[in-house]
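Residue numbers (this note's numbering), protein chains in the order written: chain A, 1 to 783; chain B, 1 to 197.
Simulated from the structure, these hints should not be mistaken for lab results. Don't take each hint at face value.
Cut-off 30 Å, straight-line C-alpha distance, at most; resulting in silico cross-link-like pairs (DSS-like, lysine-lysine) [claimed, not checked]:
#1 A:Lys-325 with A:Lys-9
#2 A:Lys-735 with A:Lys-630
#3 A:Lys-703 with A:Lys-651
#4 A:Lys-703 with B:Lys-171
#5 B:Lys-29 with A:Lys-755
#6 A:Lys-591 with B:Lys-29
#7 A:Lys-630 with A:Lys-325
#8 B:Lys-171 with A:Lys-108
#9 A:Lys-28 with B:Lys-29
#10 B:Lys-66 with A:Lys-371
#11 A:Lys-209 with B:Lys-29
Take a look, some chain A residues computed to stay more than 10 Å from chain B by CB distance [as the list claims (entries may be wrong)]:
#12 Arg-278
#13 Arg-455
#14 Asn-600
#15 Met-638
#16 Lys-683
Quick reminder that beta carbons are idealized off the backbone N, C-alpha and C, glycines included.
If you want the building blocks of each chain, they are given just below.
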Amino acid sequence: MDILSYVKKGFVFFDGGMGTQLQARGMKAGECPEMWNITNPQAITEIHRAYFKAGASIATTNTFGANPLKIDNTEAVVASAVENAKRAKFAENQFVALDIGPTGKLLKPLGDLDFEDAYNAFSVTVKAGANAGCDLIIIETMNDPYEMKAAVLAAKENSSLPIFATFVLDEKGKTVTGCDIPAMVAMLEGLGVDALGVNCSLGAEELEKFVPELVKCSSIPVIVNPNAGMPCVHNGKTCYDSTPEKFASACVEIAKMGARLLGGCCGTTPEHIEKLTRALSGCKPLPVTQKNDTVVSSYSHACSFGDKVVLIGERINPTGKSKLKAALRENNLDYLVSEAIGQEEKGADMLDVNVGLPEINEGEMLVSVIKEIQAVSALPLQIDTSDPIALEGAMRIYNGKPLVNSVNGKQKSMDSVLPLVKKYGGVVIALTLDESGIPSSAEGRVEIAKRIIERAKEYGIDKKDIIVDPLCLTVSSDKNAPLVTLKSIELLKSMGVKTSLGISNVSFGLPSRDYVNSVFFAHALSKGLDAVIMNPYSFEMMKVYYAHNALMGIDDMCGDYINFASNSQSVTIAAEVGEITLERAILKGLKKDAKEITANLLKENAPLDIVNNHIIPALDTVGDNYEKGKTFLPQLLMSAETATVAFEVVKEKIKGEGETNKGEIILATVKGDIHDIGKNIVKVILQNYGFRVHDLGKDVPPKNVLDYAREHSIKLIGLSALMTTTVPSMEETIKLVKAELPDTKFMVGGAVLNKEYAEMIGADNYSKDAMESVRYAQQFFKT
Amino acid sequence: MIDIGTMALSDITRLKVNRGEAMRYLGVKEDDCSLTELLDQGETDALSVSSPRAVYVKVPIAVEGKTVDFGFMKVESERLVKNLEGCNEAYVFCATLGISADRHYEKLARISQARAAVFSASCSSLIESFCDYVNGELARDKRCKPRFSCGYGDFCIKHQADILNVLEASKRLGVCLTDSYMMVPVKTVTAVIGIRR
Numbered sequence: 001m002d003i004l005s006y007v008k009k010g011f012v013f014f015d016g017g018m019g020t021q022l023q024a025r026g027m028k029a030g031e032c033p034e035m036w037n038i039t040n041p042q043a044i045t046e047i048h049r050a051y052f053k054a055g056a057s058i059a060t061t062n063t064f065g066a067n068p069l070k071i072d073n074t075e076a077v078v079a080s081a082v083e084n085a086k087r088a089k090f091a092e093n094q095f096v097a098l099d100i101g102p103t104g105k106l107l108k109p110l111g112d113l114d115f116e117d118a119y120n121a122f123s124v125t126v127k128a129g130a131n132a133g134c135d136l137i138i139i140e141t142m143n144d145p146y147e148m149k150a151a152v153l154a155a156k157e158n159s160s161l162p163i164f165a166t167f168v169l170d171e172k173g174k175t176v177t178g179c180d181i182p183a184m185v186a187m188l189e190g191l192g193v194d195a196l197g198v199n200c201s202l203g204a205e206e207l208e209k210f211v212p213e214l215v216k217c218s219s220i221p222v223i224v225n226p227n228a229g230m231p232c233v234h235n236g237k238t239c240y241d242s243t244p245e246k247f248a249s250a251c252v253e254i255a256k257m258g259a260r261l262l263g264g265c266c267g268t269t270p271e272h273i274e275k276l277t278r279a280l281s282g283c284k285p286l287p288v289t290q291k292n293d294t295v296v297s298s299y300s301h302a303c304s305f306g307d308k309v310v311l312i313g314e315r316i317n318p319t320g321k322s323k324l325k326a327a328l329r330e331n332n333l334d335y336l337v338s339e340a341i342g343q344e345e346k347g348a349d350m351l352d353v354n355v356g357l358p359e360i361n362e363g364e365m366l367v368s369v370i371k372e373i374q375a376v377s378a379l380p381l382q383i384d385t386s387d388p389i390a391l392e393g394a395m396r397i398y399n400g401k402p403l404v405n406s407v408n409g410k411q412k413s414m415d416s417v418l419p420l421v422k423k424y425g426g427v428v429i430a431l432t433l434d435e436s437g438i439p440s441s442a443e444g445r446v447e448i449a450k451r452i453i454e455r456a457k458e459y460g461i462d463k464k465d466i467i468v469d470p471l472c473l474t475v476s477s478d479k480n481a482p483l484v485t486l487k488s489i490e491l492l493k494s495m496g497v498k499t500s501l502g503i504s505n506v507s508f509g510l511p512s513r514d515y516v517n518s519v520f521f522a523h524a525l526s527k528g529l530d531a532v533i534m535n536p537y538s539f540e541m542m543k544v545y546y547a548h549n550a551l552m553g554i555d556d557m558c559g560d561y562i563n564f565a566s567n568s569q570s571v572t573i574a575a576e577v578g579e580i581t582l583e584r585a586i587l588k589g590l591k592k593d594a595k596e597i598t599a600n601l602l603k604e605n606a607p608l609d610i611v612n613n614h615i616i617p618a619l620d621t622v623g624d625n626y627e628k629g630k631t632f633l634p635q636l637l638m639s640a641e642t643a644t645v646a647f648e649v650v651k652e653k654i655k656g657e658g659e660t661n662k663g664e665i666i667l668a669t670v671k672g673d674i675h676d677i678g679k680n681i682v683k684v685i686l687q688n689y690g691f692r693v694h695d696l697g698k699d700v701p702p703k704n705v706l707d708y709a710r711e712h713s714i715k716l717i718g719l720s721a722l723m724t725t726t727v728p729s730m731e732e733t734i735k736l737v738k739a740e741l742p743d744t745k746f747m748v749g750g751a752v753l754n755k756e757y758a759e760m761i762g763a764d765n766y767s768k769d770a771m772e773s774v775r776y777a778q779q780f781f782k783t
Numbered sequence: 001m002i003d004i005g006t007m008a009l010s011d012i013t014r015l016k017v018n019r020g021e022a023m024r025y026l027g028v029k030e031d032d033c034s035l036t037e038l039l040d041q042g043e044t045d046a047l048s049v050s051s052p053r054a055v056y057v058k059v060p061i062a063v064e065g066k067t068v069d070f071g072f073m074k075v076e077s078e079r080l081v082k083n084l085e086g087c088n089e090a091y092v093f094c095a096t097l098g099i100s101a102d103r104h105y106e107k108l109a110r111i112s113q114a115r116a117a118v119f120s121a122s123c124s125s126l127i128e129s130f131c132d133y134v135n136g137e138l139a140r141d142k143r144c145k146p147r148f149s150c151g152y153g154d155f156c157i158k159h160q161a162d163i164l165n166v167l168e169a170s171k172r173l174g175v176c177l178t179d180s181y182m183m184v185p186v187k188t189v190t191a192v193i194g195i196r197r
């Protein structure tokens with residue numbers, strides 16, 4: 001019998017801890033446990049056999065750290081490990097699980113391991129395990145959903161073995177990276193693992209309280225492999241405080257809650273497993289039930305469709321937005337990310353991400369933008385593209401289970417999008433149009449929806465993972481169009497299908513579109529609309545949203561409504577400006593005032609006069625005060641940001657004409673360095689003084705700096721390094737660039753540098769702070 | 001008996017951001033009131049996004065010449081030898097504010113460098129307060145030496161890997177090391193505390 005059929009029959013038992021067993025057999029602290037597969041194969045087989053004898057059905061190979069990022073000769077170690085476990089089998093229904101643990105590195109952008117490098121490392125282990133003939137793969141002790149995703153993809157793409165996956169919870173029921181249970185379940189089920197659950201970190205008694213939520217979210221068998229209580233150390237060896245009896249009785253409670261696969265992690269012994277298997281012998285597990293929730297997820301939480309309408313922010317889409325188009329062309333991802341943060345603050349539940357512009361590489365851009373956004377925003381994303389290659393790239397690196405926008409009734413669309421939704425997991429928006437266009441009747445649109453749902457089913461995609469958008473045509477060209485849309489929602493709802501709508505098309509061509517949009521939104525809500533793609537900055541739309549929730553009993557004590565209403569009032573009051581000058585606003589860092597005053601000044605003054613007579617003098621004062629020690633870094637930055645606000649207002653007026661560009665400068669934090677606070681500070685100050693900064697980010701390889709400098713013919717480069725361990729990369733970068741482009745100049749800064757050190761590594765200038773880099777740049781460009 | 005343990009602070013209000021220290025990190029000599037709001041915000045943010053956690057072990061140590069043997073690592077460092085004079089045991093701990101602080105910094109860095117810099121300084125002060133707390137708990141009823149951090153003086157930063165390894169910091173705290181020996185989350189500290197005989 002294969003493992004999956006065996007799981008269908010009843011409880012299945014994992015083995016227990018490996019580390020304490022190895023220590024008991026003489027492994028010393030600091031020794032590499034995986035090497036024992038080769039040096040002491042007999043001992044490893046003995047341990048596996050002891051667990052099989054105790055009643056375990058699954059032996060987990062001694063390969064927790066066996067990946068090329070941690071050890072040499074991974075293949076040989078894994079092959080021996082699988083062999084050692086296979087040798088321990090003595091009866092039917094004993095299986096060998098290839099054990100895959102975390103790499104011990106944090107993935108980019110917060111850490112320094114690339115997603116694909118993690119994937120490659122896991123792939124080496126998977127291939128070796130599959131070749132050696134293991135029966136299944138268990139990916140375990142994962143803290144980070146992103147690393148988990150890399151491991152699952154490696155397992156899926158390099159073997160056809162069943163995949164089990166377990167993650168680690170802290171005492172609050174989340175991973176240490178902040179991922180909750182529903183989010184982890186949504187992602188893992190989407191990726192198509194065969195069983196999922198938790199292991200390690202806590203004892204059975206402490207884990208018990210999280211099992212109900214795990215079972216409630218999951219439509220596949222649940223695994224719970226706890227530690228033997230909490231750790232302590234006796235005579236240099238780690239011990240755990242839970243006896244086999246206590247462990248087994250807590251596990252019985254966990255089994256009663258619906259866990260189907262049970263075993264042990266750190267500190268558990270064959271005795272723990274024996275007590276456990278005995279306690280449950282003859283018992284039947286609860287059935288695994290299919291859940292019908294429509295759920296997407298981010299790295300931190302899940303967003304489910306059905307209770308409250310889900311607000312999907314539409315602002316990251318170049319259509320009709322010149323600033324966003326410009327940002328995409330200039331690779332200014334900061335602008336896109338700030339749009340994400342802004343929409344999140346306005347109350348969006350999810351964000352649509354569309355970066356399709358004819359003149360850019362959409363696939364590459366979509367991946368970069370999603371990586372950036374998911375590093376700072378906890379909101380789940382809707383990947384919006386019509387290019388299947390771009391879609392696949394984005395779904396692959398997305399940290400969670402995404403919403404895909406969109407598939408439609410055309411054969412070509414279904415054939416290209418649905419397989420991706422199946423492979424990577426996701427919920428997909430289905431547009432009710434096909435080769436013949438958009439049907440004019442509600443019934444016609446529902447027919448297309450049915451066809452897409454049927455086709456998806458053939459791919460193994462459940463109805464719950466499809467949200468139908470019945471489309472909304474313009475009321476000014478067809479007075480009945482909104483009614484057809486509303487009727488479609490009604491029909492779809494009666495079939496138990498979730499619905500979504502991009503609202504704003506309805507008002508195309510009309511004045512004051514927000515009025516029409518918001519009333520249409522209210523009507524759609526009354527029909528049971530589940531999600532809306534909209535502008536979270538639209539006050540009219542948000543009014544409807546909060547008032548609707550309050551009226552429909554889904555806003556407890558009207559709390560959200562009251563909060564919304566009171567905040568909108570305070571905005572109006574804060575907008576009243578007192579008697580202050582633009583100079584003073586900049587000096588004091590008063591952004592709102594600076595904006596209004598600049599707008600007022602523009603009524604009577606030429607834009608460039610405002611820059612030359614107000615903004616620049618104010619900045620000079622701030623810079624002087626800083627250099628004289630009268631004001632400090634935070635004030636310098638606040639003034640810089642305020643001046644930026646004033647510049648923006650002026651720029652709007654002159655629309656790019658007469659824009660100042662005093663010189664182009666590359667800034668980068670060097671390879672190996674992931675602290676970019678210094679570089680970020682220098683950037684904003686340089687920009688303020690009129691320099692155009694090309695920010696290459698952090699952890700930048702020397703070659704990237706060279707390539708960029710060459711391609712854009714930039715002669716001044718600023719580098720930052722924070723640690724003594726990364727200064728060599730700085731030196732390497734300078735040497736490389738100067739060898740190829742000898743007339744390039746370097747200014748450098750960072751905590752561990754000084755003037756002498758800077759000279760030693762070949763830099764042309766040491767900038768002890770942001771203002772010094774401005775002075776050097778001014779001297780360089782002779783401004 | 002030697003112990004290994006974890007500490008999490010569910011009640012973060014027991015910690016304080018030391019404003020003077022945060023200002024010192026920022027190079028601010030005095031606040032003429034124009035920074036008060038910004039500093040308040042930084043402190044509030046630091047306290048609300050952090051989840052302070054620590055892991056420690058207590059190990060026997062042996063000093064020979066310029067080398068301290070911790071059992072799991074041998075450290076050659078004159079300053080550490082001096083620091084651990086008169087000790088035959090030591091605590092080794094790792095304390096962190098958690099990855100949410102890194103995410104929040106990244107977020108602020110896209111909105112306002114002033115807020116980002118102040119937040120970062122507030123977090124630096126907060127992790128020091130948390131280390132004081134951990135230190136205080138560990139040193140209770142014992143005569144301990146001042147804590148000494150890896151990477152400080154001649155205590156080579158490469159030992160960071162040994163320390164994180166023995167503490168299982170990656171699994172227990174989510175603390176990882178980059179190839180250039182930087183710890184992530186960024187607001188993380190490791191240190192040794194000598195226990196006097």
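Cross-check of the supplied hints:
no.	hint	result
1	A:Lys-325 with A:Lys-9	violated, 57 Å
2	A:Lys-735 with A:Lys-630	violated, 38 Å
3	A:Lys-703 with A:Lys-651	violated, 35 Å
4	A:Lys-703 with B:Lys-171	violated, 34 Å
5	B:Lys-29 with A:Lys-755	holds, 24 Å
6	A:Lys-591 with B:Lys-29	holds, 24 Å
7	A:Lys-630 with A:Lys-325	violated, 41 Å
8	B:Lys-171 with A:Lys-108	holds, 18 Å
9	A:Lys-28 with B:Lys-29	violated, 52 Å
10	B:Lys-66 with A:Lys-371	violated, 47 Å
11	A:Lys-209 with B:Lys-29	violated, 50 Å
12	Arg-278	holds, 30 Å
13	Arg-455	holds, 39 Å
14	Asn-600	holds, 23 Å
15	Met-638	violated, 4 Å
16	Lys-683	violated, 8 Å
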